[in-house]
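*Asks:* Going down the list, the protein sequences come from chains G and E. Heads up: the first sequence begins at 26 in my numbering, then just goes up one per residue. Heads up: the second sequence begins at 128 in my numbering, then just goes up one per residue.
Accuracy of the hints is not assured; some may be wrong.
Sample of chain E residues lacking proximity to chain G, with all beta carbon distances greater than 10 Å (derived) [claimed, not checked]:
| # | residue |
| --- | --- |
| 1 | Ser-148 |
| 2 | Lys-174 |
| 3 | Ala-195 |
| 4 | Met-278 |
| 5 | Val-281 |
| 6 | Val-324 |
| 7 | Asp-352 |
| 8 | Ala-392 |
Taking lysine-lysine pairs in the DSS-like style, the calculated list, with each CA pair at most 25 Å apart, reads [as the list claims (entries may be wrong)]:
| # | chain 1 | residue 1 | chain 2 | residue 2 |
| --- | --- | --- | --- | --- |
| 9 | G | Lys-313 | G | Lys-39 |
| 10 | G | Lys-255 | E | Lys-286 |
| 11 | E | Lys-209 | E | Lys-187 |
| 12 | G | Lys-313 | E | Lys-174 |
| 13 | E | Lys-254 | E | Lys-209 |
| 14 | G | Lys-163 | E | Lys-396 |
| 15 | G | Lys-219 | E | Lys-323 |
| 16 | E | Lys-254 | E | Lys-133 |
| 17 | E | Lys-187 | G | Lys-255 |
| 18 | E | Lys-323 | E | Lys-333 |
| 19 | E | Lys-185 | E | Lys-143 |
| 20 | G | Lys-227 | G | Lys-186 |
| 21 | G | Lys-300 | G | Lys-106 |
| 22 | G | Lys-255 | E | Lys-143 |
| 23 | E | Lys-396 | G | Lys-255 |
| 24 | G | Lys-219 | G | Lys-186 |
| 25 | G | Lys-313 | E | Lys-254 |
| 26 | E | Lys-187 | G | Lys-28 |
| 27 | E | Lys-254 | E | Lys-267 |
| 28 | E | Lys-185 | E | Lys-173 |
| 29 | E | Lys-133 | E | Lys-185 |
Simulated from the structure, these hints should not be mistaken for laboratory data. Where is the CB? At the ideal position from N, CA and C, for every residue including glycine.
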Amino acid sequence: MIKSSQEIIDAAVKLSVTTRRRVAVAVAQDADVIGAVRSACDDGICNGSLFGDEAKIRELADKNEIILDGLEVINETDPNKAVTGAVELAASGGADVVMKGFVSTSGLLKGILDKRFNLRMSPNLSHVAVLDIPGYHKLLMLSDGGMIVCPDFEQRLDIVKNAVLVGRALGIDPVKVALSAANDNELDSMPQTKDSARIVEKLHQDNFPHARLAGPMTFDVAMSQECANKAGIDHPVAGDADAYIFGTIEECNITAKSMIVFADAIFAGVIVGAKIPVSLVSRTDPVKGKKTSLALACLVADYYKQMGESFQND
Amino acid sequence: MTDSIKNFDQLLSLLKDKTTSADAPRAGIVGADDEVLLRAVTDARKKKIVKPLLIGDKQKIEEAAGGAGIDVYDIPLLDLSKPGDMIAKAAMMAADGQFNYLVRGRIPIHDFLRILFDRQLPFRKGKTRISHVAVFEHQKYPRLLLLSDAMVNVAPDIKGKLTIIDNAVRIAGQLGVEKPRVAMLAAVEVIYPGMKVTEEGAVISKMVDKGQIRSCYIDGPLSMDVATVPDVAASKGVHSEVAGQADILIAPNIETGSGVYKAMALFVKARTAGVLTGGIVPVVMPSRCDNIDNIFCSLALGSFLSI
């Protein structure tokens with residue numbers, strides 16, 4: 026079981042010793058993205074294929090003193106075609122991960138979900154953040170703070186399932202998942218407490234495998250045995266959550282960022298739900314976070330491969 | 128003009144100055160049978176920043192005190208065994224001018240609020256909306272950081288948010304922040320039509336532009352990092368009176384407020400205090416993840432706000 030961001034990087038490097046993993050960057054004319062791929066490549070995490078406007082890519086690389094040696098540059102000035110090129114390479118097995126460059130997330134996802142490539146795995150794609158928080162005894166997955174704004178019941182089910190996939194890719198079994206609320210009891214005055222309870226109930230009914238579920242569960246109960254004891258809650262997930270699933274994008278994004286800003290948590294993120302993991306890094310992520318994101322996507326890709334086609338077509 | 132208070136040590140020393148000339152504020156500790164709370168209360172009492180009255184089950188309080196190895200026999204105590212009675216008595220005594228503020232002890236938040244603000248009790252102040260304001264001190268942040276609402280208002284609409292802002296601005300004012308910088312938190316820092324939280328942030332900040340709100344600066348929507356980290360604000364091209372230097376964070380809903388509050392309490396080496404505003408006196412609300420220092424900070428805040 027992988028417990029820190031450094032262990033994510035180490036595990037990805039280990040995978041790349043036998044067969045070097047490859048990241049296909051869609052619309053690569055973005056200095057931060059090129060820099061992230063460069064440093065991941067230097068660390069032995071993966072190789073990179075940069076699809077985009079070659080002149081601009083080289084100009085940005087020069088300006089930012091990034092050496093492109095060893096990275097493949099595929100000239101495609103039309104952004105849509107650059108997306109298609111990157112996705113096609115991944116779909117044909119030539120790359121393990123697609124990475125977002127200078128293109129909107131929706132533009133990229135449109136390319137990935139293009140029916141020709143048959144890459145959709147879940148009805149809903151979602152973003153899973155993996156945080157390495159100093160003071161917590163393992164990694165914490167948070168979702169969804171990046172894609173689905175106000176998920177309905179079905180979407181929240183898929184958000185849980187996608188997070189469990191990432192947890193499995195990190196070697197966690199069962200994945201302990203808490204469904205968020207501001208109170209640990211079902212209250213009429215707080216609809217989210219009931220929504221979270223229904224999600225847990227439904228997944229239990231369906232015998233959803235490889236997960237221990239709890240909800241509604243407040244953040245402190247999920248993350249601290251001491252708080253759980255004080256609240257009188259005795260549950261395997263309490264104080265030991267691997268994943269905390271929020272009700273809205275704001276709740277997840279703002280809580281995660283408060284730990285990134287004030288608790289020095291290291292953030293990595295990946296979009297799951299397609300057969301190819303999608304990596305996206307933000308300009309403001311520190312280098313370590315960007316590298317961890319790419320490494321995480323490589324681990325997720327590897328997990329899909331281990332599970333094989335049958336699993337992907339479930 | 129007074130300087131704004133930058134941290135709890137400053138608040139404490141100002142409070143001590145005030146309590147040398149006047150009596151320490153009187154606080155009703157409602158549901159006092161909690162070990163950590165009793166430690167903080169006796170400590171604050173020794174430092175003469177509060178005159179407590181313990182309200183609760185005498186036997187349980189003495190057990191909790193005994194477990195902590197502290198002596199509470201010289202602190203006045205009101206022996207009541209039912210939480211409902213404790214809260215009702217505290218509310219009536221506050222209305223009677225016997226308390227400057229209340230402290231929530233070992234009573235679940237939901238029950239505590241429901242009973243305390245029951246319209247039968249004289250604790251609600253007219254039509255004022257009740258809201259919770261958390262105060263954080265972090266070594267990396269050059270000012271106190273306020274957050275609302277983590278405990279009371281579940282899904283406030285624009286009107287509700289305006290009164291939450293108003294309550295927080297008043298607390299910031301008492302802490303010496305003359306024109307506080309208010310960030311309407313969201314997942315992004317631009318407006319997406321249809322993404323409700325960004326629309327609300329935009330409408331409320333526009334009200335400042337129109338001169339409808341003059342007591343504070345407001346910018347929204349802002350993400351957490353843009354609101355609090357100058358470098359991130361600059362790198363994302365967000366320039367405002369608020370970006371990178373917020374005094375007050377307004378959460379879109381209670382789940383977000385609660386998530387941030389608990390993340391701060393658990394993983395951030397921050398000093399934390401929390402107070403409820405909108406009643407006839409402030410109510411200090413220590414949370415179950417607070418350590419003794421944080422509860423002490425909450426008591427100091429309660430005393431400071433009510434002196």
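*Asks:* Give a verdict on every hint.
*Replies:* Consistency of the hints with the structure:
1. The non-interface label for Ser-148/E is consistent with chain G: the shortest C-beta to C-beta separation is roughly 37 Å, beyond 10 Å.
2. For Lys-174/E, the requirement that its beta carbon stay farther than 10 Å from each beta carbon of chain G is met, with the minimum near 26 Å.
3. Every beta carbon of chain G lies more than 10 Å from that of Ala-195/E, the smallest distance being close to 15 Å; the non-interface claim holds.
4. The beta carbon of Met-278/E sits about 8 Å from the closest Cβ of chain G, which is not more than 10 Å, so the claim that it is off the interface is violated.
5. Its beta-carbon lying about 6 Å from the closest one in chain G, Val-281/E breaks the requirement of being farther than 10 Å from that chain.
6. The Cβ of Val-324/E does not lie farther than 10 Å from every Cβ of chain G; its closest approach is about 5 Å, which violates its non-interface assignment.
7. Non-interface call for Asp-352/E relative to chain G: violated, since the shortest CB-CB distance, roughly 5 Å, does not exceed 10 Å.
8. Distance check for Ala-392/E against chain G: the nearest CB is about 7 Å away, which does not clear 10 Å, and the non-interface claim fails.
9. With a C-alpha separation of about 17 Å, the suggested pair Lys-313/G and Lys-39/G falls inside the 25 Å cut-off, and the hint holds.
10. Among the hinted pairs, Lys-255/G with Lys-286/E is inconsistent with the structure: their alpha-carbon atoms are about 35 Å apart, more than 25 Å.
11. Proposed proximity of Lys-209/E and Lys-187/E is supported: the alpha carbons are some 12 Å apart, at most 25 Å.
12. Of the pairs offered as hints, the one joining Lys-313/G and Lys-174/E is violated, with about 46 Å between alpha carbons and a cut-off of 25 Å exceeded.
13. Proposed proximity of Lys-254/E and Lys-209/E is contradicted: the alpha carbons are some 28 Å apart, above 25 Å.
14. With a CA separation close to 18 Å, the supplied pair Lys-163/G and Lys-396/E stays within the 25 Å bound.
15. Restraint check for Lys-219/G and Lys-323/E: satisfied, since their Cα atoms lie roughly 22 Å apart, inside the 25 Å limit.
16. Note on Lys-254/E and Lys-133/E: the hinted pairing is violated, with a Cα-Cα distance of about 32 Å set against a maximum of 25 Å.
17. For a cut-off of 25 Å, the pair hint linking Lys-187/E to Lys-255/G stands: about 16 Å separates their Cα positions.
18. Restraint check for Lys-323/E and Lys-333/E: the C-alpha separation of about 15 Å stays at or below 25 Å, so the hint holds.
19. The suggested pairing of Lys-185/E with Lys-143/E is violated, with an alpha-carbon distance near 30 Å, which exceeds 25 Å.
20. For the hint linking Lys-227/G to Lys-186/G, the alpha-carbon distance of about 12 Å falls within 25 Å, and the restraint holds.
21. Annotation: proposed proximity of Lys-300/G to Lys-106/G holds, straight-line Cα distance about 20 Å (limit 25 Å).
22. The hinted pair formed by Lys-255/G and Lys-143/E fails the criterion: a straight-line CA distance of about 32 Å is larger than 25 Å.
23. Note on Lys-396/E and Lys-255/G: the hinted pairing holds, with a Cα-Cα distance of about 21 Å set against a maximum of 25 Å.
24. For the proposed pair Lys-219/G and Lys-186/G, the alpha carbon gap of about 19 Å is at most 25 Å, so the pair holds.
25. The hinted pair formed by Lys-313/G and Lys-254/E fails the criterion: a straight-line CA distance of about 51 Å is larger than 25 Å.
26. Restraint check for Lys-187/E and Lys-28/G: the C-alpha separation of about 42 Å exceeds 25 Å, so the hint is violated.
27. Under the criterion of a C-alpha separation no larger than 25 Å, the hint pairing Lys-254/E with Lys-267/E is inconsistent with the structure, at around 38 Å.
28. At roughly 21 Å between alpha-carbon atoms, Lys-185/E and Lys-173/E fall within 25 Å of each other, so this suggested pair holds.
29. Taking the CA atoms of Lys-133/E and Lys-185/E, the gap is about 39 Å. The hint is violated against a cut of 25 Å.
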